[in-house]
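Colleague: Chain by chain, the residues run as shown.
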Amino acid sequence: MKRTGAMALALEFQNVGKSFSGGKNRPDLKAIDGVSFEVRKKEFVAIVGPSGCGKSTVLNLTAGLDRPTTGSVKVSGETVSGPNPHVGFMLQKDLLLPWRTIRRNVEFGLEARPVSAAERRDRATRELARCKISDFAGHYPFQLSGGMRQRAALARTLAIEPDIVLLDEPFSALDAQTKMLLQKSFGRTITEGGITTLLITHDLSEAVAMADRILVMSDRPGRIVEELIVDLPDRDNPIARRAHPRAGSFINHLYASLKLDERAA
Amino acid sequence: MRVKELIATVLFGLAVVAAWEFIPPAMGIRRFIFPNFSTTMAEFSRMVSAENLWRHVLSTATMTAAGFVLGSLLGAVGGYLLGLSSFAERILSPYILGLQIAPKVAFAPLFIMWFGFTDWPKLLVTVLIVFFPILVNVLQAMKTVDRDQVNLARAYAMSRSQIFFKVEMPSTMPALMAGLRIGATLAVIGVTVGELVGGNSGLGFLITFGQGQANAAMVFNSILLLTAIGIVLYGIVSFFEARILHYIPRVER
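Chain order of the listed sequences is L and E. If you count by the numbering used here, then the first sequence holds residues 1 to 265, one letter each, in order. If you count by the numbering used here, then the second sequence holds residues 1 to 253, one letter each, in order.
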């Protein structure tokens with residue numbers, strides 16, 4: 001990825017800090033401090049870091065569920081001041097509503113908008129096809145496997161046509177093989193659709209297999225301590241990318257910068 | 001296997017009826033103390049012809065249904081309102097707990113003092129007894145709605161009422177249905193107590209009437225019919241529950 005200043009920004013963090021009040025007689029808890037980074041349109045950026053480094057805070061600030069204590073967060077050039085419809089997010093939990101069919105779950109995010117029922121259906125049909133789960137449109141979530149449910153969650157996230165998609169550990173609850181297949185499926189959908197993505201993960205090889213750029217966060221208070229550009233081919237196929245001869249050196253580099261060998265469990 | 005189980009169940013019932021028919025006379029227990037099966041059935045047909053039994057059954061069934069519907073409605077609305085306002089919930093929770101523990105049937109004499117020998121005391125006891133388990137179930141479910149699911153709806157910029165109707169209320173359905181099942185069994189108790197204490201109609205009234213005449217068979221029949229009313233109400237609730245909660249996988253038995 002070349003840095004070209006003219007490229008439009010999907011997400012900007014400008015010197016963002018977030019503290020949570022620690023309660024009586026206890027100092028405030030600084031989750032993140034002085035975090036600055038950008039995600040350009042159509043770019044796939046991954047954030048890796050030790051647990052408790054404030055990765056989820058980054059997600060909540062971007063989705064507008066929380067406000068920064070200092071600095072500012074902008075999505076498509078506009079400062080985030082509340083829940084905003086230009087951000088789609090997806091967690092480890094699929095958050096599918098169990099009483100709705102997969103199709104109706106995909107339509108869920110559109111129901112807050114002035115979109116006709118017919119258009120909701122059309123968009124859901126399109127996203128179900130894109131995520132390759134059209135055959136399960138009429139099923140209920142309990143009838144699907146974990147991997148299929150995550151695909152449905154991605155379809156729901158894409159249906160609102162967000163400017164940026166936040167993925168918070170979306171593969172971590174899955175078994176190893178399902179995980180690889182789903183990464184491949186997501187990689188292809190995201191690359192083909194030109195979808196701007198911010199992936200939050202603790203899995204270093206996952207970050208290397210999927211992202212254009214990786215940001216490394218430090219321990220609390222979380223800061224961005226390193227930026228790594230992954231100039232490997234096959235972004236649409238994480239399985240092929242993992243097998244690339246240079247993939248291992250990227251992983252080793254991340255491993256070293258997180259000082260994993262010096263840390264106690 | 002299923003057929004065998006069914007046969008065994010039926011055989012067990014027949015054995016109980018046979019024991020009921022033959023053991024009391026064999027032990028020399030007198031019929032007005034412990035009427036056997038055939039005596040009870042003979043009394044049943046006498047009650048149908050001479051005591052206007054079906055009118056009493058209808059009265060009790062109507063009161064049970066009315067009290068159940070009204071109590072459930074109020075309990076559910078109360079549960080949702082308290083669930084939406086954590087402030088009100090914190091202020092009121094000690095009183096709710098107190099009222100929940102108070103034996104509701106003990107209010108029956110009071111209601112008779114206030115409303116006389118009308119249908120109101122029965123209805124009020126029933127409403128009161130059905131109200132609390134449903135309120136508590138709904139409130140508890142509202143407090144444990146998945147925060148992430150609510151956040152997802154918030155992130156989609158849904159309004160407060162959309163979040164309630166699209167996420168919170170459907171999430172509480174299993175708890176509401178469980179509350180309704182408890183309420184269905186309690187409704188029969190409420191009506192019975194109301195009729196026992198101050199009624200001139202209904203099966204509870206027939207129980208006191210039978211007791212006054214030392215007619216144990218009449219009491220037996222009334223209890224059986226009250227049970228039947230409870231079973232029907234429970235069955236109706238279960239029927240709707242199975243349809244409403246169809247999306248929950250059933251555990252294979």
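Keep in mind the hints are simulated off the structure, nothing from the lab. All C-beta atoms, glycine included, are put in the ideal place defined by N, C-alpha and C. Among the hints, erroneous ones may be present.
To be verified - Below, a list of computed lysine-lysine pairs in the DSS-like style, where the Cα atoms sit at most 25 Å apart: (1) L:K132 x L:K74; (2) L:K132 x L:K42; (3) L:K93 x L:K179; (4) L:K74 x L:K41; (5) E:K143 x L:K93; (6) E:K166 x L:K93.
As the list claims (entries may be wrong) - What the simulated footprint calls covered on chain L by chain E, stretch by stretch (three residues with Cβ under 8 Å from a Cβ of chain E suffice, anywhere in the stretch; the number is not a length): (7) 52-65; (8) 93-99.
Colleague: Go through the numbered hints given earlier and state which of them the structure violates, listing their numbers in rising order.
Modeller: Of the numbered hints, just 1 does not hold.
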